[in-house]
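> The residues making up each chain are set out below.
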Amino acid sequence: MLSLIITGMSLGFSAGTSCTAVCFPILIPYLASDTSTRILGSLKTVLLFSAGRLVSYMALGVGVAFLLGSADLSPLMVPLVTLILSLVLVLYGLNTLGAFNTSQKPIARACRGITSRRPHFIMGMLVGLRPCIPLIAALMYTVNLSGVLDVVVFMLFFGIASSILIIIFGVAGRGFLNLLVNRIGLDRIRRLSGLVLVIMGAIFMLQAVGGIINA
Amino acid sequence: MKPAVKSKKRALIAAVIVGGFGLWWYFDPFPWLGAVVGILAGLFVYYLLTSSRMETGRRLFFIGLNLMVIASIVVVIAQMGWGTFLRWADIHEKEYYLQGQTSSGTQSFPCTRDVPQVWLGKAAYLDYASSWNIKFPTTLGAFLITLVPYIAIGLLFGRGVCGWLCPFGGLTEIFVTGKKVRWKLDALKRKVSTKSGFSYAGLKEWVKDTKYGLLITVVLLSIFLSFPLVCVFCPVFWLEPLFILWIMLAFIIVFAVIMPFMTKRRWWCLICPIGACFGLVNRISFFRIRVDKNKCIKCYDCVDECRMYTITPETIEKDKNPGDDCTRCGRCMEACPEDAIDIYFMDTGKKVRTAFIALTIIAALSLYIWFVLIMVDIFPKVIG
Chain H
755 MLSLIITGMS LGFSAGTSCT AVCFPILIPY LASDTSTRIL GSLKTVLLFS
805 AGRLVSYMAL GVGVAFLLGS ADLSPLMVPL VTLILSLVLV LYGLNTLGAF
855 NTSQKPIARA CRGITSRRPH FIMGMLVGLR PCIPLIAALM YTVNLSGVLD
905 VVVFMLFFGI ASSILIIIFG VAGRGFLNLL VNRIGLDRIR RLSGLVLVIM
955 GAIFMLQAVG GIINA
Chain G
25 MKPAVKSKKR ALIAAVIVGG FGLWWYFDPF PWLGAVVGIL AGLFVYYLLT
75 SSRMETGRRL FFIGLNLMVI ASIVVVIAQM GWGTFLRWAD IHEKEYYLQG
125 QTSSGTQSFP CTRDVPQVWL GKAAYLDYAS SWNIKFPTTL GAFLITLVPY
175 IAIGLLFGRG VCGWLCPFGG LTEIFVTGKK VRWKLDALKR KVSTKSGFSY
225 AGLKEWVKDT KYGLLITVVL LSIFLSFPLV CVFCPVFWLE PLFILWIMLA
275 FIIVFAVIMP FMTKRRWWCL ICPIGACFGL VNRISFFRIR VDKNKCIKCY
325 DCVDECRMYT ITPETIEKDK NPGDDCTRCG RCMEACPEDA IDIYFMDTGK
375 KVRTAFIALT IIAALSLYIW FVLIMVDIFP KVIG
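From first to last, the protein sequence lines are chains H and G.
So in the numbering used here, spot 62 of the first sequence is number 816, and the numbers just go up one at a time.
So in the numbering used here, spot 88 of the second sequence is number 112, and the numbers just go up one at a time.
One chain only, chain H, in its complex shape (with noise of 0.2 angstroms):
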């Protein structure tokens, strides 16, 4: 078992700057979303998208080992998800610009109601689901594995290992975004944040959608 541990968490720590790559560009601009400005909240915020990260990295590690016998996964699974959290990042950059808060069509009040609650723990696993190269090496290791136990444990440790760096960045990243509060206000900052994240999620549609049509 210890073994194990360690061999997850060397491939998390080596992981780590690639899963920081992939991540960041949602992160980045979804903690700039927040009201509140405050590191702790950052830092629950961070915590809570990893936790999601690691529940999906557990998810696909028992489902590579016990379901498929094999790190081939659907050429369908990655564009969807892709899409999925593409109209996330849309709705929830639609939002942070205000543009359901007047409406009241059923539409705008739905999309009000879904966006209503910050869903940092399902973006994790949405993200989570997409999976990188290092990933891709871990699910690869999970086949040799004989028992669900073991399998949990090697992507627990792997997920944490490669959470560090994002954690520790997006706590400092919410450090540099309070200074750039403080220059040219939250509002403006939530207003960039909400762009980018629809801009984001566009262009993730496209992959999703392009990948779909490539499967």
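By construction, these hints were calculated from the structure, which means they are not laboratory data.
There's no promise every hint is true.
Said to hold, decoys possible - Taking CB as the label site, the calculated pair distances span:
| hint | chain 1 | residue 1 | chain 2 | residue 2 | range |
| --- | --- | --- | --- | --- | --- |
| 1 | G | M104 | H | G852 | 46 to 52 angstroms |
| 2 | H | L822 | G | V406 | 53 to 59 angstroms |
| 3 | H | S900 | G | M104 | 41 to 47 angstroms |
| 4 | H | L841 | G | T108 | 57 to 63 angstroms |
| 5 | G | V406 | H | N936 | 30 to 36 angstroms |
| 6 | H | N968 | G | A148 | 56 to 62 angstroms |
| 7 | G | V278 | H | I887 | 35 to 41 angstroms |
| 8 | H | L822 | G | A211 | 45 to 51 angstroms |
| 9 | H | L841 | G | T218 | 41 to 47 angstroms |
| 10 | H | L903 | G | T108 | 55 to 61 angstroms |
| 11 | H | S828 | G | A274 | 29 to 35 angstroms |
Said to hold, decoys possible - Pulled a few chain H residues facing chain G out of the computed Cβ check, cut under 7 angstroms:
| hint | residue |
| --- | --- |
| 12 | P779 |
| 13 | L851 |
| 14 | R944 |
| 15 | L946 |
| 16 | I953 |
No residue lacks a Cβ here, since even glycine has one placed at the ideal position from N, Cα and C.
With chain H fixed as given, assemble chain G onto it according to the hints.
What follows is chain G alone, placed relative to chain H:
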């Protein structure tokens, strides 16, 4: 609008300097081209400085440059064939643009990362091969050689680049011709009334910030996914996965053709992330448009004429620069009945319209040499 110069002698000196630059820059490999460009550039600068219709002259020049860009792209594709061109776009980064490699015989269009080398005269055009000879820089070299000249250009002109130099700005300029506004787009605007009772429709804040949103997205993706930022703005990058090309073409048609034509405003420049970069340095650039409050009679003709929604009654009353989006196009200067608007050196009271025009034409001459040489050298070969 009064001409930029009081005495024609100054205009003549500026024309000779710019003409001399054109002669020198275009002399190699075709001396006759240097002579033609030098004479035309000199005459044009003389006209801009002595005429009271600077904006009209600028538009003609800008539209002409843009038509040449479009024509030269068509010429290169005709020369290579569409299939070969697409194949080249797909493999160019792996095969041709390797660090430290001297590229020749393959590049009718140099890489966007080489633009500053062309700008600085470090790239040689080989007429026998109809291509550029460029030593492709290392990563750090590419970064520095790209960044430093762009910062310098930004400091000099700010968003003047969008109004005088950028090909996309030129494309937009074609379609804002005319006066009839067909679409009002009230959903994107907010009504503002001044204390004096003048009311106008400015853009909503989120519309103005869209370009910064795009810029931040591109920067985030570029940093965290490790690809050169400049590639995102390169048309060849758009060609690699073809669907991006169609999306970009749709964007260009909507924002640089349809919306400018329907609203008579420069929508491409209002959402462009490169414009956003130049907008960030607009406030510290050397050449700035300013309204002389002592001369201003608050008719606000300039506000109605501004195609970027950037000059507003607030900026005039607070004696501020027009803002991040001012492209120094000169429409407000031409519209002002009191000659209260001009180009100043930073926040001083020194008018520098002459220097601005001369330097801008020099920058345009150095930048557009690619396209001029394609039209001069490759076009005759294509048409046989």
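> Against which earlier hints does the structure fall short, listed by number upward?
3, 4, 5, 6 and 14
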